[in-house]
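Just so we're on the same page, my numbering is the position in the sequence shown counted from 1, plus 47.
Mimicking DSSO-like on lysine-lysine, the simulated pairs with C-alpha atoms at most 27 Å apart in a straight line are:
no.: 1; residue 1: Lys694; residue 2: Lys632
no.: 2; residue 1: Lys75; residue 2: Lys94
no.: 3; residue 1: Lys376; residue 2: Lys387
no.: 4; residue 1: Lys387; residue 2: Lys694
no.: 5; residue 1: Lys75; residue 2: Lys268
no.: 6; residue 1: Lys452; residue 2: Lys504
no.: 7; residue 1: Lys691; residue 2: Lys452
no.: 8; residue 1: Lys760; residue 2: Lys691
no.: 9; residue 1: Lys632; residue 2: Lys387
no.: 10; residue 1: Lys632; residue 2: Lys691
no.: 11; residue 1: Lys212; residue 2: Lys896
no.: 12; residue 1: Lys268; residue 2: Lys74
no.: 13; residue 1: Lys896; residue 2: Lys290
no.: 14; residue 1: Lys268; residue 2: Lys373
no.: 15; residue 1: Lys694; residue 2: Lys452
no.: 16; residue 1: Lys133; residue 2: Lys75
no.: 17; residue 1: Lys132; residue 2: Lys212
no.: 18; residue 1: Lys74; residue 2: Lys94
no.: 19; residue 1: Lys387; residue 2: Lys452
no.: 20; residue 1: Lys452; residue 2: Lys632
no.: 21; residue 1: Lys640; residue 2: Lys570
no.: 22; residue 1: Lys212; residue 2: Lys185
no.: 23; residue 1: Lys290; residue 2: Lys268
no.: 24; residue 1: Lys75; residue 2: Lys290
no.: 25; residue 1: Lys504; residue 2: Lys445
no.: 26; residue 1: Lys185; residue 2: Lys896
no.: 27; residue 1: Lys507; residue 2: Lys452
no.: 28; residue 1: Lys507; residue 2: Lys445
no.: 29; residue 1: Lys133; residue 2: Lys212
no.: 30; residue 1: Lys373; residue 2: Lys290
no.: 31; residue 1: Lys185; residue 2: Lys133
no.: 32; residue 1: Lys387; residue 2: Lys691
no.: 33; residue 1: Lys185; residue 2: Lys132
To be clear, the hints were calculated from the coordinates, so they are not data collected in a lab.
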Amino acid sequence: ERLSDDERYLIYWLAVEQGSVSHEDLKKDVSPRLSTPGPLGIINALKQRFLIDLRDPNHVALPPVVLSYVTNRLIQNVCTEIVEKKPDILGSHALIKAQVEDHLRNEQIQHILLPIKNRLVELLGSDGVEQNLSEMLKELQVTPEITMRTRYTAGNILNLLVQLKEGDLSNLDFSRLTVQQGYLQRTTLHDVDFSYANLSTSVFTETFSGVTSLALSPDRKLLAAGTITGDIWIWDVSSGFLKSTYRGDASWVCWSVTFSPDGRWLASGGEDTVVRLWDVQRGIPVQELRGHTGSVSAVAFSPDGMLLVSGSEDMRTLIWDVSNMKAAKLLNTLSGHQGKIWAIAFHPHAERMLLATGSDDGSILLWNVQTGDLLWPLRKPSAYDEAVYTLAFSPNGKFLASGGKDCTVRIWDVDSGDQLNMLEGHTDWVWSVAFSRDSDMIASGSEDQSVRTWEVKTGKRLNILSGHTGRVWTVAFHAEQDIFVSGGIDGTIRFWDVQRGECLRILQGYMNGIRSIAYNPHKQILASAGEDYTIYLWNIGNGDLDNHDASSQLRYRMLTGHTNVVWAVAFHPDGQYIVTGGDDKVLRLWDVKTRTLLDARLEHDTWIRTLAFSPDGEQFASGGDDGVIHLWDTWRRTSIARLKGHKNSIRAITFHPTTTLLASGSVDGTIHLWQLDTLQSTELTRQEQTNVHGPLAAHERGVWSLAFSPDGKLLASGSEDQTIRLWNVHSGHNIETLQGSVSWVGAVAFHPINNILASGGGDNAVYLWDLETRRIVATLRGHTGPVSSISFITSDGSRLASGSHDGTIIIWDTRNGSPIHILQADRPYERMNISHVRGLNDAQIRMLKALGAVIEE
Numbered sequence: 048e049r050l051s052d053d054e055r056y057l058i059y060w061l062a063v064e065q066g067s068v069s070h071e072d073l074k075k076d077v078s079p080r081l082s083t084p085g086p087l088g089i090i091n092a093l094k095q096r097f098l099i100d101l102r103d104p105n106h107v108a109l110p111p112v113v114l115s116y117v118t119n120r121l122i123q124n125v126c127t128e129i130v131e132k133k134p135d136i137l138g139s140h141a142l143i144k145a146q147v148e149d150h151l152r153n154e155q156i157q158h159i160l161l162p163i164k165n166r167l168v169e170l171l172g173s174d175g176v177e178q179n180l181s182e183m184l185k186e187l188q189v190t191p192e193i194t195m196r197t198r199y200t201a202g203n204i205l206n207l208l209v210q211l212k213e214g215d216l217s218n219l220d221f222s223r224l225t226v227q228q229g230y231l232q233r234t235t236l237h238d239v240d241f242s243y244a245n246l247s248t249s250v251f252t253e254t255f256s257g258v259t260s261l262a263l264s265p266d267r268k269l270l271a272a273g274t275i276t277g278d279i280w281i282w283d284v285s286s287g288f289l290k291s292t293y294r295g296d297a298s299w300v301c302w303s304v305t306f307s308p309d310g311r312w313l314a315s316g317g318e319d320t321v322v323r324l325w326d327v328q329r330g331i332p333v334q335e336l337r338g339h340t341g342s343v344s345a346v347a348f349s350p351d352g353m354l355l356v357s358g359s360e361d362m363r364t365l366i367w368d369v370s371n372m373k374a375a376k377l378l379n380t381l382s383g384h385q386g387k388i389w390a391i392a393f394h395p396h397a398e399r400m401l402l403a404t405g406s407d408d409g410s411i412l413l414w415n416v417q418t419g420d421l422l423w424p425l426r427k428p429s430a431y432d433e434a435v436y437t438l439a440f441s442p443n444g445k446f447l448a449s450g451g452k453d454c455t456v457r458i459w460d461v462d463s464g465d466q467l468n469m470l471e472g473h474t475d476w477v478w479s480v481a482f483s484r485d486s487d488m489i490a491s492g493s494e495d496q497s498v499r500t501w502e503v504k505t506g507k508r509l510n511i512l513s514g515h516t517g518r519v520w521t522v523a524f525h526a527e528q529d530i531f532v533s534g535g536i537d538g539t540i541r542f543w544d545v546q547r548g549e550c551l552r553i554l555q556g557y558m559n560g561i562r563s564i565a566y567n568p569h570k571q572i573l574a575s576a577g578e579d580y581t582i583y584l585w586n587i588g589n590g591d592l593d594n595h596d597a598s599s600q601l602r603y604r605m606l607t608g609h610t611n612v613v614w615a616v617a618f619h620p621d622g623q624y625i626v627t628g629g630d631d632k633v634l635r636l637w638d639v640k641t642r643t644l645l646d647a648r649l650e651h652d653t654w655i656r657t658l659a660f661s662p663d664g665e666q667f668a669s670g671g672d673d674g675v676i677h678l679w680d681t682w683r684r685t686s687i688a689r690l691k692g693h694k695n696s697i698r699a700i701t702f703h704p705t706t707t708l709l710a711s712g713s714v715d716g717t718i719h720l721w722q723l724d725t726l727q728s729t730e731l732t733r734q735e736q737t738n739v740h741g742p743l744a745a746h747e748r749g750v751w752s753l754a755f756s757p758d759g760k761l762l763a764s765g766s767e768d769q770t771i772r773l774w775n776v777h778s779g780h781n782i783e784t785l786q787g788s789v790s791w792v793g794a795v796a797f798h799p800i801n802n803i804l805a806s807g808g809g810d811n812a813v814y815l816w817d818l819e820t821r822r823i824v825a826t827l828r829g830h831t832g833p834v835s836s837i838s839f840i841t842s843d844g845s846r847l848a849s850g851s852h853d854g855t856i857i858i859w860d861t862r863n864g865s866p867i868h869i870l871q872a873d874r875p876y877e878r879m880n881i882s883h884v885r886g887l888n889d890a891q892i893r894m895l896k897a898l899g900a901v902i903e904e
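Let the sequences and hints guide you as you build the complete structure.
Listed below in structure tokens is the structure:
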């Protein structure tokens, strides 16, 4: 009580910080109230009374006993202000800071925000607390002018309501308010009104999906991330704010991003076989480099920036001259691998012209980039059968690190080619490795959802960093600060403190793309599954499919339990059960009526991509990235057989409607037809001749979709090569090739009674083909992302459902090509009003709109 007002003001800010704070950050806290002459004089006065710890000359902190006392006083005073509805400290101090390191904000939530909420609930009850906070908001809206005494009121109330209402702020009104330091990641904001509000320092969930690649600009000011939807996101590293997004052309996955050494350009490679060059400052593509015939999994600039190298699924490494970025040209092609090239890395010393490549075949090859000569194999295919997924040279040029399918990180001597160490500890595939700036530490990211750090010299494990909830695709070290960044399939980017192993900040994405739909006519239920780990059951039977209001919503129920992206869903023929599978490698069997999980014991060794039930429902089949088809007994829930023959990931399987045939399609471009009633063993290979015609020399690129005609005479296949092929099932001959799509074909379905085939794919459209004339008779447009799955949902074929990466299902009237319903589960910010909002840039506004926010005219 003997402190002056200014001293009390500053000491409460130190309590908010819950630890040491730099002089610069403290100055920002207390400005503008203490901007002249600044906080230094007050700090010295408090030091004289032993109320401040200044042992670190660059930081200020409260001693532990003082911190505990001041924090309790802060909590008591704020509670009194809310009970009496007379804000003081509530308006002058932020109770939490949205933009600080995550562990600091968590401290603020645990030690300040939650105790305030809990004490208020004891005094007023939950409803009473909400009523008082709402009345204080309304009072602010009457006199919205911001003063030093009301600066943080709205933001503090918002953050308290997030805790009180467990993250659901639906229908609240924050219009015309300045919402400082609002932390709204992982928060539901349906129908919230932020019109005319100032949100300049608030933090929201973002729309980026699973992160496959990361790159820091040479000046370390920008972070670029490639995602599974093909988008590239650019953030300001210091603030964490989104600066821009780049869109590729129908690329399903952006596998790799890298900045040029001068930071002016960004190169990306993805699923669509194209290498793209981007102008970083303008955010536009400047050239597309075409030459690969398979997905581009890795790109890297030479240290002098004159060359760009790309590695691909086509087993080739291409060297591009990018000395003139707008007129880049192919210089050379390196061939030597016998499998997909996953990783490439340039030696950091430009004069050595040394390139390393790693492949599915288990080898690591070292090349002279200037001559194109293979210098020596660091790992030979014959010695190892485990794929190499990642490579990184140390900054000092002495070491090369590799990681891959054998779950280890290996360190190699660059000059001798000797393996110096093998780092063991990961329990699943290693997808990424990176060296620290001093070459003394390695970080590795894995399928086991962890990031680990290792000492290079001894091989000692330093830290296991947890937090990701899916595979960690990528890690990257900051060249100047002691931080590194990791990105994962869970849609998060995490900044880590190198020494302490603490998570400093999380960029939270949101994924809702649909990967699979299935319809059961008996129950009139449409099931969908995708990137948000959730299965949705849409009750089509209770919806009026003849109501042509496409915005009218149908009811849905959710099934939760998967821990990663769900790629496949299939109905049992009687409609009582569904089976689902995806990137968590687990098959789940559900009861549709009770929405309960019946079984989750059936597993794959790799990601599950496709599922199908047999017509009698006695068995179902699953396929995935191991190239093996698994047959399961539906009722015993045990394995019947494993069908081997494909050389790559299986993306499509389907049962014949009347016989015991099973068709499978793979990334290897082949289709197999399996005769299931002649199984001789549970471990089948193509050499045992259990496949009828196969493999069919089907497509130039991967087969992503298959469908039998209702009479079983035809098989349709859709491919990455942009074609649909029709096959005579009896003879195995290709009888027709349908061309018309301008991108990959990811879904095909036969009309139930007419001679019509529907298809969908990477160009966002659904096509209806007349199989008599072999021509497109209708093009259905409405999706804003690739179409991944389609299904006719009425017996007369008049209704078709299509699921898309854009997160929507559209139900179409196939007679006139019009959309009848657009089905979409509520996004986090559905119908949130951001009309005339202030403090957000264009990229941030686009992001909020993608999450459901609206701007009213």
